[in-house]
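Top to bottom, those sequences are chains U and E.
Here my numbering is used: the first residue of the first sequence is 1367, the next is one more, and so on.
Here my numbering is used: the first residue of the second sequence is 1367, the next is one more, and so on.
Hints were generated in silico from the structure; no laboratory data involved.
Warning: the hint list may mix true and false statements.
As the list makes no split between identical chains, a pair holds if one copy fits it or if it spans any two.
Once the Cα atoms are required to be at most 20 angstroms apart in a straight line, the calculated EDC-like pairs of lysine to aspartate or glutamate come out as [unchecked claim]:
id, residue 1, residue 2
1, K1596, E1395
2, K1596, D1650
3, K1574, D1502
4, K1405, E1425
5, K1394, E1425
6, K1375, D1650
The structure displayed is predicted, hence computed values, not measured ones.
There are 2 protein chains.
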Amino acid sequence: MKRSLASLKWNIQQETKQIVSVANAADKEVLIAVKTALKEELCFFLLFGDETKITNIAESIHLDLSTDGLVVRHESTNSDIARSAVMAVHHKEAQILMKGNLSTNEILKAVLNKEYGLRTGNVLSHVALFEIPNQDRLLFLTDAAMNITPSLQEKVEIINNAVQVAHGVGLEEPKVAALAPVEVINQAMPSTVDAAVLTQMNNRGQIKDCLIDGPLAFDNAVSLEAASHKNIHSDVGGTADILMVPTIEVGNALYKSFIYFANATVAAIISGAKAPIILTSRADSAESKIHSLTLALVSSKTF
Amino acid sequence: MKRSLASLKWNIQQETKQIVSVANAADKEVLIAVKTALKEELCFFLLFGDETKITNIAESIHLDLSTDGLVVRHESTNSDIARSAVMAVHHKEAQILMKGNLSTNEILKAVLNKEYGLRTGNVLSHVALFEIPNQDRLLFLTDAAMNITPSLQEKVEIINNAVQVAHGVGLEEPKVAALAPVEVINQAMPSTVDAAVLTQMNNRGQIKDCLIDGPLAFDNAVSLEAASHKNIHSDVGGTADILMVPTIEVGNALYKSFIYFANATVAAIISGAKAPIILTSRADSAESKIHSLTLALVSSKTF
Chain U
1367 MKRSLASLKW NIQQETKQIV SVANAADKEV LIAVKTALKE ELCFFLLFGD ETKITNIAES
1427 IHLDLSTDGL VVRHESTNSD IARSAVMAVH HKEAQILMKG NLSTNEILKA VLNKEYGLRT
1487 GNVLSHVALF EIPNQDRLLF LTDAAMNITP SLQEKVEIIN NAVQVAHGVG LEEPKVAALA
1547 PVEVINQAMP STVDAAVLTQ MNNRGQIKDC LIDGPLAFDN AVSLEAASHK NIHSDVGGTA
1607 DILMVPTIEV GNALYKSFIY FANATVAAII SGAKAPIILT SRADSAESKI HSLTLALVSS
1667 KTF
Chain E
1367 MKRSLASLKW NIQQETKQIV SVANAADKEV LIAVKTALKE ELCFFLLFGD ETKITNIAES
1427 IHLDLSTDGL VVRHESTNSD IARSAVMAVH HKEAQILMKG NLSTNEILKA VLNKEYGLRT
1487 GNVLSHVALF EIPNQDRLLF LTDAAMNITP SLQEKVEIIN NAVQVAHGVG LEEPKVAALA
1547 PVEVINQAMP STVDAAVLTQ MNNRGQIKDC LIDGPLAFDN AVSLEAASHK NIHSDVGGTA
1607 DILMVPTIEV GNALYKSFIY FANATVAAII SGAKAPIILT SRADSAESKI HSLTLALVSS
1667 KTF
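Using the sequences and the accompanying hints, generate a full structural model.
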């Protein structure tokens, strides 16, 4: 796999430009990301929102709305904006959905609509891809933001959702570490029990297109030396591509420790719907927004 | 607080040398740590174990057993060794207990013995102190290793145990962040509910000698910018000294991400007994063993 998030851009298929549907583009940060993406020729955009507001903000950042590959569609209320942006993906006018200046609840409500939404039957889950300065490969973490205490079946779908994105970045058979505090099964720790079951489901072909091993403690998953010290001789131990955490508590803390203590950069999308969904927040850097867009673009063909 | 773990050595009181009781010193790595500590004049040692084995290993690493402050007491079986080493602390011959070449279960069994053990009524908990290269202060993490899913009352004791150690390193009123995935109370996440209760117990004086705030997500606890972004204006947000995690799953993953991804160094002891207990493992570096010994020495006066 590529070493840096920036280099993922090389994997974007350029024959036919993909179109990103933005739900409420009336936001300076969002339009700056749009401008950068257009300049770097990453994709085209369908911008939903109040046309006057979008026009005013675009002028203030010198974004020419008549640029090729940029279309503005006027909607006034956030619920109309969310519905129209989602419907554009539903009708295959666009390949990716991006959250702009509205709440996560507003956009997810439209995504989950039974009539025009983007449901597949799978849970939606958060898939983050990290570039960590002292590690030699990119590393997925899931689910750090959507599912609080996933059941075994939900963990199966969370793994499938992450594997789908991993295929998009070129990992044919990603290695999945089912994380727990220890590498042995301890019935007092449900994470170890679920991890063992997921491993055997993978052995039986019930979870495909990846290699799963667990329970693995964090060190057993990322360090060959630590794995060897514990006599773990699997194809996953020490070389995991995907860290699957047992709860949002573990995922959220790890996610933020990578960013704040390990100086990591991150790309993140929501997987499990009919198209990748980008849920950037105001706290994300401009660089992080472009990384997430890139991750969505390279993985959309697998959706 | 001091910036580095190494500088904690300056806090060791040197008027009367403290004595460390080592349960099974017949181990090369352990005796190397003993030799280093003697050379640095950190403390004295009572070494329990097979005298012949200890003598042979000492010779092989050029450790002179007739050095001032070094006493060997012969015991043959691990259970006798554990009992005698613990009894030396029970009878105040030594101020600190250190695990040598026996299992954690063997030493804890003796520690928890009702007759000659070191019980206080509190739970025993793991207290780790990290030096993280990109952070400007040392940071405690608890409990990453002993209590799997602590109850509210156990969390109270875990906090008290960590606060006791924090006092030892010179923090008069340590700031405790009760970690959760979000900063708002969400009844679907018990960690957020417990964190809110612990905060109010602190306000009511039921948990003393520290400042508690929670729920705080990891970023709200360690970054003033992130705390301010979420409108968290507490004395703890962004400047926490102690990260109190809700489960061993969170603590273990964070502990190892600090070490493996953030290049952290760590000192760790068990708190909650009548004396600090050092549970080093073979995987610990020699430097880490000395850091843990130092942490025990500077905090033993608070036990």
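Query raised in the report: Among the hints numbered above, which are violated by the structure, and what are their numbers in rising order?
Result: Number 3 only.
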